[in-house]
Structures are given as C-alpha cells and as structure tokens.
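Sequences listed follow chains A and B, in order.
With the first letter of the first sequence counted as 1, position 5 gets the number 5 in my numbering; the numbers rise by one all the way through.
With the first letter of the second sequence counted as 1, position 85 gets the number 184 in my numbering; the numbers rise by one all the way through.
Hints are all accurate, no fakes.
Quick list of the computed label-pair ranges, beta carbon to beta carbon:
1. B/Trp-450 - A/Ala-9: 34 to 44 Å
2. B/Leu-246 - A/Val-94: 49 to 59 Å
3. B/Ser-229 - A/Arg-49: 33 to 43 Å
4. A/Ala-9 - B/His-143: 27 to 37 Å
5. B/Arg-356 - A/Pro-39: 51 to 61 Å
6. B/Gly-159 - A/Arg-83: 20 to 30 Å
7. B/Leu-235 - A/Ala-9: 52 to 62 Å
Pulled from the structure, derived: some chain A residues nowhere near chain B, Cβ distances all over 12 Å:
8. Leu-1
9. Ala-9
10. Arg-38
11. Arg-60
12. Pro-62
13. Val-65
14. Ile-67
15. Gly-70
16. Pro-71
17. Asp-75
18. Val-77
19. Ala-79
20. Asp-89
21. Val-94
In case anyone wonders, no lab produced these hints; they're calculated from the structure.
None of the values given here were measured: they were computed from a predicted structure.
Built from N, CA and C at the ideal position, the CB exists for glycine as well.
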Amino acid sequence: LTVIRVVFAERTTRDDLDDWAHERGCRLIAVVPPASDRPGQSIFRDADRQTLVYLIDDARAPAPVAIVAGPGESDVVRAFRDRLPVTLDEPFAVPEGAA
Amino acid sequence: VSAPFPFHPRLAEHALVRLHAVAGEEIVVIHDGRSGDLHRMGSHEWDLISSADGTRDLDGLLLAASRRDAYRRASEVRAVLDHLHAAGLLAEGVDYPDPTPPVVDRPLDVLPDYSLTCDATGGCCGVYGSIVFTPLEAARARSTLPLVRNGGEDPRRAFTPERGAGDEGSLAVALVDNRCAYLAEDGRCGLHVKGGASAKPAGCRIYPATFVDDGASIRVSVGVECGCVLASIGWPGGAPLVPEGARTRADLDRGARVVRLPDHLAVTADRSVSPAELAAWSRVVLAAGPPADAVHAFWSLAAAVEAEGLALEASLRALSSPPCPTVNDVLPWIQALADRAASRVGSAASWRSAADRSLLLSRAIAAASASIRDPGSLAAALAAAPADPAAEAFYLRAAIHGHHLAGKVPLALALRDRALRVLVARAMGAMDPAMVHPLAAVEAIFRGHGVEVYALEVGR
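So that you can see chain B by itself, here it is in the shape it has in the complex:
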C-alpha cells in the first residue's frame, strides 16, 4: 500500500538535490540516498518544488513557485510532486532532526609517520557528487567570488540543500562537469587563491583526514581517495592530519566530522563486537607490520574473522603467511563488482559529460573489473606480484587504523571488498600504465558513487 500523498509535501532527507552544469546545460539531479536511484530534472522543475520543505500545502507550493516566477501550470507542479512521491522522495510536514549527541572529548590517536602534500591540481575536487559547505562557508564563498555562477546575487544558482529542501542546514555546491563550481581552470581552488585557506569550507581544508571515535580515542587517519595521499608516503614535511599540537578532539577544527562507532559492530552476519574489541584487534593487526601482498592479507584476515571473530591469535596467524585466494572464492565477487561497475557507468553516461572525471574513472574501473572477471584472467591477476606494494600496505594500514572497515557492512565482507579494490586497482594499472595511483581512484569512486554496495549484494 503506497503512502498517501502528503498534505504538506517535504522533500525527504534522503533526497540529495545537486545542481550540475553538464557540457553547458543546467540540470538538477536528485540522488536517492536510500535506493541509489537517480532522478533528473531541469532547473525549472527544481524551482517549482524547491519550497517543498513541509511548511506548505500544494496551493502554498504553487504560490511559492509563482513568487519565484517559475509557475506556469498547476498541473506541472503536481506532476513533479507525483513523480517524487511515487519514488518515495516525499514526506509529510516539517522535519525535526535528531538532537546532536553530546560531544565527549577524547585523546587523538593519529596515524603515525604520515603527512600530506597536496599537489593543488584539484583532482579530488572533480570526483565527488557532494561538496558540502555550512551556510556561513557558502555565504563567504559567494562573497569571495560573487560571479561564480552569479552566486553572489542568487544563492540558488550556486548551492542546493545538502539534504531535502528548505533554507536551513548544510549546502552542496553546484558542480560544473562534476568539478566544484569554485575550482579554477588551472585546478586550483578559486576560494583559496582569492581568500586564503580559511575561505575554503572546513571539509575541504580537513580532507582527506578521517576521524572515528571508538569510545577510547579518536582515530585519525586518511582516506586513500586522492593520488596525493599515496604520493605523500615516505615524504615528510607535508601538512599534518591534525593541527600542530592537537591532543584531543577539542583541538580539532570545529568543522571536523567525527563519526562515532555504534555500540555493536557486525563482524559477520551473525556476530558483533564492541568498539573496544575492534580497537584492540586493529592494534594487533597493525603491529603485524606491512603485508607483502595486500590482496592476500585482506582476504586471509576476512577468513579468520569469519571463522573466529576478532580472536587476536587467529588474525595474527592469518597475517603471518596469508595464502593466495582461490579463483573460485574470488570469482563471485569480481563478477558482482564488474556488473555493478558496468551498471554505474551506464547510468552515469546517460547524463554526465565526457569531461566528467568521475565518469572517466568509473569507466576505467568497469573496464578493469571486466578484464579479470573470467577465471583465467582472474587466476593470472591473483598470481601477479603487486605493482606498488608500499602503497597497498599503506592502504591497509590507513584503513585499519582509521576504523574505515567498520559500519556499512560486516567487517569480514569489508575486508574481502578491500581485497577486491586492490585487485581492480592493479588491473587498472595494467591496462593503463600511465595512470597514477589507481587505488585512490577506486576508493573515491567506490565510496563517492555507490559502487561499494556490490559487497552487500555478494554478502546476501
């Protein structure tokens, strides 16, 4: 039974509206954060329904559209709303966000021996579907560069709500061929150039550091989603992941997003652990030292976790001489991944521009996955020596230290997924030797564009 049409329609919080300029054409894309579905409309349709924040009935929405000079037909507004309602993207009335949990200060546990040197070419500013600004940061950006999309005069040309509709809360910047609208042609951040680092949103200043609260400390690590992260390995003198002298959470930039681990973390379909157990396990795994082959290490750890949970001895044994996974074990994973990646390319190619970096990288991932989806090719890929063992070992270290594997899927699945990511990155490098740090591209696209859900499909 479908829900009744809401009296006071509100674009739901899982509706992520994004402004895109695609090869010069303005379009609005609504990503459904629950289903992964994508809905396209023109900027006119967005004007019609952008006031659907739960405070207006249909008549009120007609009037809001009229005030915006967008109203043409009542039936047009109703048709857009009907489409969104059928897609499960409308809710009733106003929303009250959950109260923010009290912030508990904890010591920072920072990934040791690492600093980041950004190459300032804007590679990471053209990969993601959402680049988030606080209202203050957006106001500052519009003031610093008012002519960018004429955002100084019309905020709606430069920003949409991060979630749903309405005038409150964080904002997502418009993307031009998927690049941040404030990114200059030369790849440098226009806001940084004009106003200094403080003119950028905190999320950009902090990127790619990650912060996870495990109840005892805040694990500070780095998301391996930008080539600079891997290029910085072994190069001291870059920017530290936290401000100099920072000791506890209170010392972090206020914009730092600290994710709190839930009390129960799934390690397999039927077994969960506490954050403290995960923290202890991660310390032991890290103490084992860098693996010779990250694919073998991830896969072997997954098997140990599936068999014995987070028993420390079992995980240490798994890492001491991890065997090469068998073709039969990996085959369903690579096939599911290749299917998902191809589907993602099909969807993205229907509306993204040829210059869109996320599309280019998605295509490379799909091609690499397809290249090893038959048993023979997969066997050869599994037997091949790692092309960049230091980068892959760092990837494992950053993920384990940062608790990146906890949360979305059971830990055992996450470990196998990471083995696949490394494998696909190797295949990308083999197909295009000029590609620098393909593992970072894999990470960015998997997380930023929903490819990672394939692991859930295999897990089922």
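Chain A extracted, bound-state conformation:
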C-alpha cells in the first residue's frame, strides 16, 4: 500500500490544519492516543468519504506531518498546497503489516 506523506513548514500550527480541514469539509472521525510504537494521530475523512488524512501529533518531529491515504489523495495534496506551506509531499510505502 502506498500513501502520501505531506510535510508542512515548521510554522504551520494545528489551528492552521484544523482550519484547512474545516474549510474543505473534512470531518474528524477518530483520535488515536500516542503509544510506545506510534505517535498520536487525529484522523480526518475527506469529503469524498473514502480518503483519510492522518495528522501526526509527534512532538519530536521538526515539522507537522500528514499522511493521506485513499482514492482522493492527489486532490487532498493539491488542496494542502493551495492553502498551506507544504515543503514536501512524497509517496510513502506503508511497511508490511502496518496497513
């Protein structure tokens, strides 16, 4: 499974990401608390109801990161770039067993 990892400029805040999600019509559908083997995540579902956006809540990361997965990932990445300072978006192969 391949997903897209989006890295934002350091100055990007959670409020910026929340505002983006609200304007796009993404709905918060789950909050995953951090654990020893994974960071905390806020999971939004895009308006197409199939594409998921995982906002990674990792204090150790130098900049905010989102993982986009689903049929509308290109649309979502484009929408991120239209509104927020994206520094990198790249396909990201989900490790075997983690999908």
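Dock chain B against the given chain A, drawing on the hints supplied.
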C-alpha cells in the same frame, strides 16, 4: 492550589446552562449556582462542550463535537473547557446523584381559605431563569408543538439539561426574551391551548403552590411570586392549592416537589431549632392574626427571635404592638439591598433584551431601593401607612404557614429580609402607581434571580 484539569471533564451540577433568544440572537448562559456568576457563550460553544458529561476525555469531546458538526479547531474546544475549569464549573468523571430519600406519607396542612385564580396572561412565565420539564414532559411538549424552536426535530434547540451536561435528568426550556419558548404571543400557554392542562409540565400546573415537610405534616402554601396570588385574596372559587379531596402527600400530583426541612434549622447565627419547634412557633404566630403593618411585624418578630429564639410568649409580645423600626437599624439593610439590586441590573442589562420582564422588574426594584436608601427617605417610607395592608398580611401568613422563611438564612435574617421586601414593594408602588402588586414582583425577582443573597451579606 487550583484543581488539575479533569481527565474526563464533566460540566458540574452547579452549572445551569440556559438557552436564550435575546432580541433574535441565540445565546447560551451558564449560571453558576454556587457563586451566582454568569458566563455567556454562543450556541456554537455550547455545541462544543455539551457532551462534557464525564464519560469522555478531551479527544472524545473533540469527536462528539465533530459528530455534531460543530468541530472547527481542537484549540477552540480546549479554550472553552479551560474557561469553565478556571471558573470552577468542571468536575472529574461521571456523577452519581445522592439516593432519593424514602418518601414518607404525611397529612397535608393546607393554607386555609385560599384558592387561586390565574389570569392566564403568562406574567409568571416570563420572569424566571429556569422552567423545568421532566424528560417525558419535554418529549410531550416537543410532540405537541414541534415547530416551537424546531424542537420536534432537534431537542437541543428547545431544551438544555437542568444541571450540568448530559442526556439524563430534568430539562430547562429555552427562553425567548426570558419568556418560556412555549408561551404564545397572547400570553397563554401554547401547550395548554393545544393539548390541555395535562400537556404542561407538572411544575407549571402546580405553581405557585409550595410544599414543605416539617416532619409532622406537609405544609401547603403559596409563593407570593405572581400578581394573581394577591389578586385572588378573598375571591373564592379559584383553583385549590391541592386536588379536591387530597388529604396526604400520596394524594398530590407526582410532580409536586416536597422540600423536607433539615433536622436543625438556624434561627440566629448561633441558635437552631427542630422542625417541630418551628411548626409550633408558626402556629402561634398565625393565631395572632393579621398585622396592621407587615414591615413592623416582620421586624419586631426578628428582634424577638434574635433575643429569645422561638420562645412563644416573646414572639406573641412582638406581634401585639410591633414598633416601627428605626432608620439606623434598617439603613444598612436597604443600602446592601440597593447595591445588590443595582449590581443585578448591571449584570442583566449587559445581555438581556429590553423586552425581558425580569430585567424590567429588576430595574424597578433597583430604582425603588435606591429611592429610600438615604436616611430621610427611609424615615418617610417607614412612617408611611401600608398601601395594601391585606396583601401584605397575606404575604406574612403565606410565608409563615408555608415555612418559607426556613432554610437559606437564619430565621431572624429571613424575617428582616421580608420586612425589607415589603418596604421596597411599597416604594415601587409609590414610584409607579400603575404597577399592580409589586410585592409579587419583588418576591419573584428576589428568589428567581438571586437578589436575596444580600441578606447574607448584611448578616455577615
């Protein structure tokens, strides 16, 4: 040291959330039942935190807000919760209410020679901050008039929890310019018109009867908080305070709220009595007959209680020819009351609409109190003859029979407070001769809007 932020925030039981439509604008007001403070927010903020019933952590609240389509920013939810936490309005985890004490049946002791004729103009439906429905009554109201605030489809538009947050327990109806949302434009109860008296909440059907269990009987009286109560004096043929033939508590409407007197009742700061002693005292006071001047009678009784507790002879002596209180004795009371009333108006005027009856009455009370707060004006007010001695005497009779003076403050303070209420009502009548039964307005605002706490301030 402030309490830590709760893991599972719950809007505390002393947080009274009320929906208001004020001149067309939707607002949510949280009354702090402990401090009397008031917190305003928009209906959006209420949507964010209305699931704070102690079953969810912050993440769960974010999700609950999202499901309600209210979520915008995580920081927004946290900010609202932080504000409530700083105000002492959040608690940790779920709440388990105290078990309901077993109901003991007792004979009813009903205020004699009285029945109520309601004028059906809805005056009392626009004065209070809370009009309470049981869940069943709310469901019936939403079914009877589903278009009222679209409550038939969305209960949250018409009701909030009576206390705290969550889906269980009694509900408070939304208020439109402080009028019950179900009150029709013509002042009649929309629920009553559409569905008959049984469509109304029990509290409204029973209002303004009061029920107090003193251990020997249930004293049934009437709260003098509506002009109809005083207009009904001497007019037989109205509705009885209890159903025809009712003899004991078991005969009362299930919705009747019976208040049980505590085992120890403060009569002064350092003296308390049993409910039986209070009941005996009240019978003696009532047997003394109606006073010529209720201000003199209340004040004189207070002095007797302060000096000799509930000694019956002392109270009878106090009532036999009660002297006029001195200006110096009353002055600190009226000044404290005037300050409290002005403060109440300042707070209410910041958000209530100009059409809000509670604001109009609060203003009248503040103005009347201010008009007699200087020694000269107060002396003249104390020397003036009562404008409506029959109404004032009835007020004393209803309060004493109904044990209305027991509980919140020591009895002696409550008696002095009642003297002040009568005095202020007289001043209201003098300022606005067209005002009908100002004493009822004073009673409603004092109890319903927290003005009565001034007595505690003077007592300290």
